[in-house]
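**Q** Sequence:
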Amino acid sequence: MANKWFTVGKLVNTHGIKGEVKIYPSTDFPDVRFAPGSQLSLHDASGTIVPVEVEAAREHKGMFIVRLKGFDNINEVEKYKGWTVKVSDNELVDLEEGEYYYYEIVGCRVVTDEGEELGTISEILSPGANDVWVVERPKDKPVLLPVIDDVIRSVDVKEKLVTVHLMEGLI
Numbered sequence: 002m003a004n005k006w007f008t009v010g011k012l013v014n015t016h017g018i019k020g021e022v023k024i025y026p027s028t029d030f031p032d033v034r035f036a037p038g039s040q041l042s043l044h045d046a047s048g049t050i051v052p053v054e055v056e057a058a059r060e061h062k063g064m065f066i067v068r069l070k071g072f073d074n075i076n077e078v079e080k081y082k083g084w085t086v087k088v089s090d091n092e093l094v095d096l097e098e099g100e101y102y103y104y105e106i107v108g109c110r111v112v113t114d115e116g117e118e119l120g121t122i123s124e125i126l127s128p129g130a131n132d133v134w135v136v137e138r139p140k141d142k143p144v145l146l147p148v149i150d151d152v153i154r155s156v157d158v159k160e161k162l163v164t165v166h167l168m169e170g171l172i
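For the sequence shown, the working numbering gives the first residue as 2, with consecutive numbering after it.
Derived from the structure by calculation, the hints contain no laboratory data.
Note that beta-carbon positions come from the ideal geometry of N, C-alpha and C, so glycine has one too.
Some hints could be false.
[Stated by the list, open to error] In silico DSS-like cross-links for lysine-lysine, where the CA-CA straight-line distance does not exceed 27 Å:
1. LYS23 - LYS11
2. LYS23 - LYS82
3. LYS62 - LYS5
4. LYS142 - LYS80
5. LYS82 - LYS11
6. LYS23 - LYS5
7. LYS140 - LYS82
8. LYS87 - LYS70
9. LYS19 - LYS5
10. LYS5 - LYS70
11. LYS142 - LYS5
12. LYS82 - LYS5
13. LYS11 - LYS87
14. LYS87 - LYS142
15. LYS23 - LYS87
16. LYS62 - LYS87
17. LYS19 - LYS82
18. LYS80 - LYS19
[Stated by the list, open to error] Between beta-carbon pairs, the in silico distance windows are:
19. LYS80 - ASP151: 40 to 50 Å
20. GLY38 - ASN14: 21 to 31 Å
21. ILE75 - GLU98: 18 to 28 Å
22. ASP114 - ASN14: 38 to 48 Å
23. GLU54 - GLU137: 35 to 45 Å
24. LYS19 - LEU167: 46 to 56 Å
25. ASN131 - VAL33: 15 to 25 Å
26. ASN76 - GLU137: 24 to 34 Å
27. LEU167 - GLU124: 33 to 43 Å
28. LYS159 - SER27: 37 to 47 Å
29. GLU137 - GLY38: 21 to 31 Å
30. ALA57 - GLU117: 45 to 55 Å
31. HIS61 - LEU167: 15 to 25 Å
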C-alpha cells in the first residue's frame with residue numbers, strides 16, 4: 002500500500018558549503034521531525050521523491066539548519082531548493098486526546114451548538130497564544146474561530162464535524 006505523505010516543512014535554501022540546508026518548518030513537532038535519525042522525504046512538484054535521513058539539526062531564527070546524511074557539499078543539495086519536506090503516515094506522532102493534526106481539521110464542517118451550519122474550515126492560523134481556524138462561509142466573509150475551550154465544543158474527525166459556541170463578537 003502506498004504511503005500517505007504529510008508536509009512538515011519546505012527546503013528553502015542551502016546553508017554554507019558543507020551540504021546543510023535551511024528548512025522552514027510547518028509542523029507542531031519540529032524537534033521530533035528534525036531530530037538526528039528522522040526519516041524524511043523531499044518532494045518536488047513533478048512527484049519525484051527523495052528519501053533522506055537527518056544527521057544533525059539546529060534551530061536558527063525560526064528555521065532549522067539540517068545536515069542530511071550522505072550529503073556533504075552545497076552542490077549535492079542545491080537542486081532541492083523549493084522542495085517540500087514530508088513524512089510518511091507511519092512516522093506520525095501519537096497525539097494526546099483533544100489534539101489533532103491540521104489535515105484532520107481542514108475540511109471539517111462547522112455547526113454551532115444551536116444547530117446552525119456555519120461553513121467549512123479552510124485553513125489554520127497560528128498567530129500566537131492559540132491557533133485560529135478559518136471557516137469559509139457560502140455567502141458571507143470567513144469567520145475566524147479561536148481554538149479555545151469556550152468556543153470549540155467538540156471535534157469529530159471521523160465525521161469531519163466541529164461543533165462551536167459562538168461568543169459575542171465572533172461574527
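**Q** The structure should be examined with respect to each hint, and the outcome stated for every one.
**A** Quick rundown of the hints versus the structure:
no., hint, in the structure
1, LYS23 - LYS11, "holds (8 Å)"
2, LYS23 - LYS82, "holds (9 Å)"
3, LYS62 - LYS5, "violated (30 Å)"
4, LYS142 - LYS80, "violated (41 Å)"
5, LYS82 - LYS11, "holds (8 Å)"
6, LYS23 - LYS5, "holds (24 Å)"
7, LYS140 - LYS82, "violated (40 Å)"
8, LYS87 - LYS70, "holds (16 Å)"
9, LYS19 - LYS5, "violated (32 Å)"
10, LYS5 - LYS70, "holds (23 Å)"
11, LYS142 - LYS5, "violated (33 Å)"
12, LYS82 - LYS5, "holds (23 Å)"
13, LYS11 - LYS87, "holds (9 Å)"
14, LYS87 - LYS142, "violated (32 Å)"
15, LYS23 - LYS87, "holds (15 Å)"
16, LYS62 - LYS87, "holds (21 Å)"
17, LYS19 - LYS82, "holds (15 Å)"
18, LYS80 - LYS19, "holds (14 Å)"
19, LYS80 - ASP151: 40 to 50 Å, "holds (49 Å)"
20, GLY38 - ASN14: 21 to 31 Å, "holds (23 Å)"
21, ILE75 - GLU98: 18 to 28 Å, "violated (45 Å)"
22, ASP114 - ASN14: 38 to 48 Å, "holds (46 Å)"
23, GLU54 - GLU137: 35 to 45 Å, "holds (39 Å)"
24, LYS19 - LEU167: 46 to 56 Å, "holds (53 Å)"
25, ASN131 - VAL33: 15 to 25 Å, "holds (21 Å)"
26, ASN76 - GLU137: 24 to 34 Å, "violated (44 Å)"
27, LEU167 - GLU124: 33 to 43 Å, "violated (19 Å)"
28, LYS159 - SER27: 37 to 47 Å, "violated (24 Å)"
29, GLU137 - GLY38: 21 to 31 Å, "violated (40 Å)"
30, ALA57 - GLU117: 45 to 55 Å, "holds (51 Å)"
31, HIS61 - LEU167: 15 to 25 Å, "violated (41 Å)"
Hints 3, 4, 7, 9, 11, 14, 21, 26, 27, 28, 29 and 31, counting from the list given before, are not met by this structure.
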